[in-house]
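Below, each chain spelled out in residue letters.
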Amino acid sequence: MTAILLELAQVLLVAFLAPLFAGLLRALRTILQNRRPAGCWQSYRDLYRLFHKESLQAEGTSWLFRFAPYGIFGAFCLAAGIIPILATGLPLAPAADVIALVGLFALARVFQVLAAMDTGTPFATLGAHREMLIAGLAEPALLATLFTASLLSRSTSLSVIVAHLEQLHFALHPSMVFAAAAFFMVLLAENARIPVDNPATHLELTMIHEAMLLEYSGRHLALMEWGAQIKLVLYVAIGIALFLPWGIVPTAEIAVLPLTVPILLLKFAAAALILALVETLLAKLRLFRSPEFMATAFLLGVVGLLSFFMLGA
Amino acid sequence: MISCLPLDLATGALLLWLGLGLLGFLLGGWPALACRLVFPASSVVALLLTIAGFTALTATPDHLQLHGPLPALPWSFQIDPLSGFFLILLGLLAFAVALFATGYFRSLPGPDLRRLMLQYHSFLLGMGLVLLAANAFTFLVAWEIMALASYFLVVTEHEEVGSRHAGFLYLLIAHLGALSILLGFVILAGATIAQGGPFSAMLHAPLNPFWASAAFLLTFFGFSAKAGLLPLHIWLPDAHPAAPAPVSALMSGAMLQMAFYGMLRVDFLFFGKLALWWGPFVLVVGLATALFGVLFAAVQTDMKRLLAYSSMENMGLIMVAFGLALIFRTHGLNALAALALAAALYHALNHAFFKGLLFLGSGSVLHGAGSVAMDRLGGLIRQMPQTAFFMLLGTLAIAGLPPLNGFVSEWLLLQAFLLSPALPQSTLSAVLPLAAAGVVLAAALAAYAMVKFYGIAFLGQPRGTRYVHEAGRWEQSAMALLSLACMFLGLFPGVLLNLLHPVLLEMLGRGFAIQQGLWLTPVSAQRASYSPVIFFLGMAIALGLGFLLIWSLFGRPLRRVPVWACGFPVRTPAMQDSPLGFVQPLLRIFAPLYQAERQADDAGRWQVRIGEPVYRGIYQPLNRIVLWLSAQVLRLQQGRITLYLLYSFLTLLVLLAIWR
Amino acid sequence: MMITTQGLAWGIPLLRLLAALLLLLAFAMLAQRRLLTLIHLLAWQGVVLAAGTALVALLTGQTELWFSAALTLCLKAILIPTVLHRLLRRLQVHGDVEAVLNIPLTLLAGIALVIFAFSLAAPITALTGTVTRGMVGIALAAVLLAFLMMITRRKAISQVVGFLAIDNGLFFAATSATLGMPMIVELGVALDALIGFVILGVFFFQIRETFDSMDLQNLEHIREE
Amino acid sequence: MLILLVLACAAMGIPLLALWGDGRRGAALFIGLNTLTLLAILALTIQVLRDGAFTAGGGQFMVDDLSIVLVLVDGVVGLSTAWFSRNYMLHEIAHWSLSRRRVRLYHAMFQTFLATMLLALLTNNMGILWVAMEGATLSTVLLVSLFRTAEGLEAAWKYFILCGVGLAMALFGTILLYFAAQKIMGHGADALLWTHLAAVRHQLEPQVMAIAFIFMLVGYGTKIGLTPLNNWLPDAHASGPSSVSAVLSGLLLNVALYAVLRAKVLVDGALGPDFAGRLLMGFGLLSLLVAAFSMLRQRDVKRLFAYSSIEHMGLATFAFGIGSPLASFAGLLHMISHSLTKSSVFFSVGQAVQSVGSREIQRIRGLLEFSPFLGWALMLAVLFILGMPPSGLFLSEFLIITSTLQAQPWLTPSLLLGLGVAFAGIFPRLQGMVFGPAPEGIARQPVAGIIPVFIQLALVIVLGVFIPWILVQWMQHAALLLHG
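Residue numbers (this note's numbering), protein chains in the order written: chain A, 1 to 313; chain B, 1001 to 1660; chain C, 2001 to 2225; chain D, 3001 to 3484.
No wet-lab data here; the hints were simulated from the structure. Backbone N, C-alpha and C fix where the C-beta goes; we use that ideal spot for every residue, glycine too. It is possible that some hints are incorrect.
To be verified - Label pairs and their calculated CB-CB ranges: (1) B:Glu1159 to D:Gly3052: 53 to 63 Å; (2) D:Gly3441 to B:Asp1008: 37 to 47 Å; (3) A:Pro250 to B:Gln1595: 51 to 61 Å.
Unchecked claim - Short, incomplete list of chain C residues facing chain D, as computed with Cβ under 7 Å: (4) Ile2166; (5) Thr2178; (6) Met2181; (7) Gly2196; (8) Gln2217; (9) Leu2219.
Using the sequences plus the hints, can you model the full thing?
Here is the structure:
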């Protein structure tokens, strides 16, 4: 019973704190760029406004166009239920291991891309195929890193991995270091961050993720944005779970939860800071540099795998 | 008595198919009647075959011998769990395809129809016989019948030079393949080959390493010629599109798997001891094929060609799993081998379903929109909604996305890969995860290719097709069935895995833990678990709740408006991505592989032509060499009689001199 | 075969002499440029052949050999040469036979052939009876020489002559080496030779009327390119 | 005495046809005679069935398990050729405006040829065998040059000279054989009787026998069409009437091979199996490869299939060279299936050529469109020739390859190379002829002419699916006989 409650709690927490994380990230970035931030709660305001706006459906678009936002949102909510963020061994966790999780993200992506192609506008399709390319190269890298972790812990179930990694005293295995680097690059790419994509751009020709949303408006757009924010949080959560797992407690012992949650929040804040730093320091790559970026990530992941076998850890 | 039921049932079904073929040939005069009568009947027969397959999984293996061409050379048949599984595959696919054909060939003129019916059913017959054959001779005859029948189906539109060329290439490679399979069998069967090389005599044939490897290579060559593995795939992308859609579905979904069946039987049952390098060899070939196939699938502009290349990719994945199974088997890790093998078999069945579905769908597109050239299609989802829906399911399935079936087999495969540390050989176990990464890359690119497939053809605005009409009842029912099958295999993997158990037992002496309930835990719940149903429900609930919530809170009717398109004033279909434009990044990244050359057509538009590197690299030089040789040989015929006399004279003298 | 001792005394050397003559004639044909002479030589070969057969008949006392000797004389020494002669005149084929290979080289090749033939036949002759010692070798040599002649000549008629010369060689082998083949076989062979010769005659006229020349170049059009 | 009856049936046709062999009457007579012959042959078969091999005519004639099979094939192919030649010649006569004399010549010579074939198979005397072969050559020379075209003349001339010389060599071989036989059996008529020779074959003088066999191989090999002695074959096949090409490929080559086999048995006795076996394997493989490669550039359809005949005879020769009972069996089966199939090929090709009016493969198109029967006849016949099941050729090739891999594993690759190249050479051309749109100006031919094709192909299928037990028995005995 408690487990199910915890499950729900985690999902809702992620869902409703995701905008906050996004807002925090944006605020930090503006501060780092010596501009005045609009405050952490801006994302909530945006969503609220969008939800109350009328949403339009472009002519000649099919049911896919309308279905996609909900589908994507649903997918991410499910993911939020599976990844051990607050605690390991949640009831939903066994339903999908890391591989299935990656599959889930892929599913969401495919729906987004199809929805974009449904509109049949030049920019949307442009964004669509760029997205597919980036994803196509990012996915192997992501799985390579996850494989490193699961080879280390002889399991592909994320919560088992976390539980196992927590046991290890010295967690910074060389393989995991490489994996962490690779994972970070993938995170940037998958969440349309600089240097691969720029979430704040207004120049269609350079867009990837934004280009696919051009035809959306009102609640649909809101869902899409929200979904993206959740996705970012989820990725960060996975990163935390894999590389700084301490403080994620087994479901059994919820008692310590009040202690761990603040740690968790700290971790997220730190992640936001790092992201903001990176986005400020790096410049966006040309589109055709991004494959090289991905390739580097992939290679790092592979090196991680190899070093696991070579160094036995 | 019960025990010999499946074989009787199967042979009976095959005979019925033959009869239906002849019936169709006779009824050719009344096309409408023939269509309505023969194809549904044939689908019923397919069901019989499926039942036979199911019973065969549990029944004891069973033999049947008929008097052959020579007393010592019988026609002999057998049925065992392995053939049972593939019979199920064949039967289910043939069932759906026949339903589809009922509607699809409605409008075919009599003479063509009668030919087609005969060849179609002899094709099915050939495949069935391949699965039932119990000695080398029967097997090869069945194999060639299968090849011939499918050849005739490939050249159905024999007015086009293209399809003739495709047919020739196909039959040539198939023939060479058959010859080398024959050689392999001869080596395996040894002296018993004179009795037709009974498979029972080949079981764990004692061979010295050299001959064992020779037999392995020969059979592998022969079967991969049919499976379309690199570099023998050359016929595949031409032959599959040339055939009518139902036939393409069968060729791609079932015939390729016959090759896989052959490999399984030979490599797992006939070889007592496997050489170390076989498994890695197969795995590498498979991986290369998968990547090559998907990269070329992505850049096709013809729906059926794209699907053909994607078949290559899927065969590649199956081969990877197969190779992995071989590796584990070689090191005596039969449990792990069972997992890999299960992945392979699972994927084989999946591929039969979703590839069949997609080929049938493209057939309805051909009928409905009059073309399968993607640069003339677009926005079909509006005029043919049902077809579009089924195709969407097929696309998601083949893209390996949860909770559909394609994902399950890939998941199993990756699980098997992650067990590689169990291998004693450290280098091998270190390299295998890289192969896993390669598999993932192939899968991701496959998603790319298939999204293109669906998006370009069914979404966006029409690129020039008018007067599109939806597929007929028969077609729709067939596609619905196949997509249901995809859903089922995706949601309830446990069912199939339990069915696979006897097959694995036969091949490896052990299966893996019986799956119960909604959970898929091939090794242990700790190790890895996946529950598609819960997965699906969870997503559905989240989706539904979200929808209800948002609708109730902010629900307002949508307003239909013209597309904004960033306020761009003009908007023509040509502004969407073209089939090649969609994959332009790939063209750019893998430029050396594609050898793409751009040239302006008479309308002044740029046309990009993709080269086939294997064809240029291997087949053309080979062709040149052979032709040169023949030119040299023909110099013997100079026309001068004195010269000819000189030949005889010298022959005589040389022989006499040698003898002395 | 029983052969009387005085027969051995003078008969065998005579047979050997005839064999040598045959070989000599074969060489002469190989060396000969003019068609007419070629035909004469062929006729002489026929005579020698007949003589040889008759001699063997005399020595071994087989009556049917007398018959075949007579047959040979009529056919090979008289009938065929005369017909060829007539054909030659009828078809106005005259002038020399231009050889592919020049004569001295041809002769050298011929000598090499003879040596080869003898060395080949040596083991056989070693185990033959006294009578036919060496005959096989000579017959073989004659055959090969005639073959060589066919190869080196460029006119249809000369090839026919070569063909007939081969036939002579064979016939010599049949009679002198094996002291006569079974009668039916001899008859059959003779019959075939006759028919073949008739057909040749027909051919000449056809070739003549189609190409109005007896040169072999006209018969070298069918070829692979 | 049935042997003599068979020969009489065949022989009496010659004068009859020479007298009344023109017009429809001639054709009918021709068919009738061959029907008669076939009946006689069937009677003979039954007798052999009843009391095995036997000799007749004072041992001069002989029929055993080896010859009876080929005799049967001769009868069948002879009859179907006669049937085919009826319609075929009607058209040719009109086309070349052949005189009545010429038609009589055609029929008479054809009958002579068939008769000599039977004689060659049924005689027990190696000398008579030679005579029969020579007779066959002479008769077919006239058939090849039947149309008196420049091409025909040239082909016939080459055929005549090359085979004449070849057979001369064979005669020399025969003489040497007799020479060797004399030593044991003394001087006399029966020193050339095969049965007698076979009885004493172990005592025959090895050196003589070796030379004799070489001469016979070169001689009869010229007629089998073994490379490099095969140069007459494509020309003769191409320029003669298709009916003649059919029997050349279907019967003549077989009988020539038969002669070599008879000689092989004897020489094997004298020298052991290796000597002859190696020669046959070498020649067979060479012919197979050279012919296969020659097909890749053919423009003339009849030449194409002439080369294919060389290829198949090469394969059969190779099989006999291996020498194991299984291989010899396969070779025999291959001979039979080949002569049935190849004659069918030439029938259909003949009709196609008549319809289109050209032998160029390029010009022959769309047979399926303008005459489905013809198209399918050609398609099936050629597929069978390519060794596709369920034809007897598939079975024989299966057996040949298997026995090769057991006896001479290192030769199998070249064997497969040959088969593959042959496929690549023939098949695309077949497609071009059968498929596609039909050209203009087609002279449709009556379907009746190619009925025999389907009958013969049915027989070939029988050979591939279920061979009658008696045939199997005969061929097995023959194989053992050849094995010595």
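Against the structure, the hints:
At about 57 Å, the beta-carbon gap between glutamate 1159 of chain B and glycine 3052 of chain D stays in the expected band of 53 to 63 Å. At about 56 Å, the beta-carbon gap between glycine 3441 of chain D and aspartate 1008 of chain B misses the expected band of 37 to 47 Å. Checking the proposed 51 to 61 Å range against proline 250 of chain A and glutamine 1595 of chain B shows it holds: the Cβ atoms sit about 56 Å from each other. Hint on isoleucine 2166 of chain C holds. Least Cβ distance to chain D is approximately 5 Å, under the 7 Å limit.
For threonine 2178 of chain C, the interface hint holds, the least distance from its beta-carbon to any beta-carbon of chain D being 5 Å, beneath 7 Å. The closest approach between the C-beta of methionine 2181 of chain C and any C-beta of chain D is roughly 6 Å, which is under the 7 Å cut-off, so the hint is satisfied. Checking glycine 2196 of chain C against chain D by beta carbon gives a least distance of about 6 Å; that is within 7 Å, so the hint holds. The beta carbon of glutamine 2217 of chain C comes no nearer than 11 Å to any beta carbon in chain D, farther than 7 Å, and the hint placing it at the interface is violated.
The interface hint given for leucine 2219 of chain C holds, since its Cβ lies 5 Å from the closest Cβ of chain D, which is under the 7 Å cut-off.
The earlier numbered hints that this structure contradicts are 2, 8.
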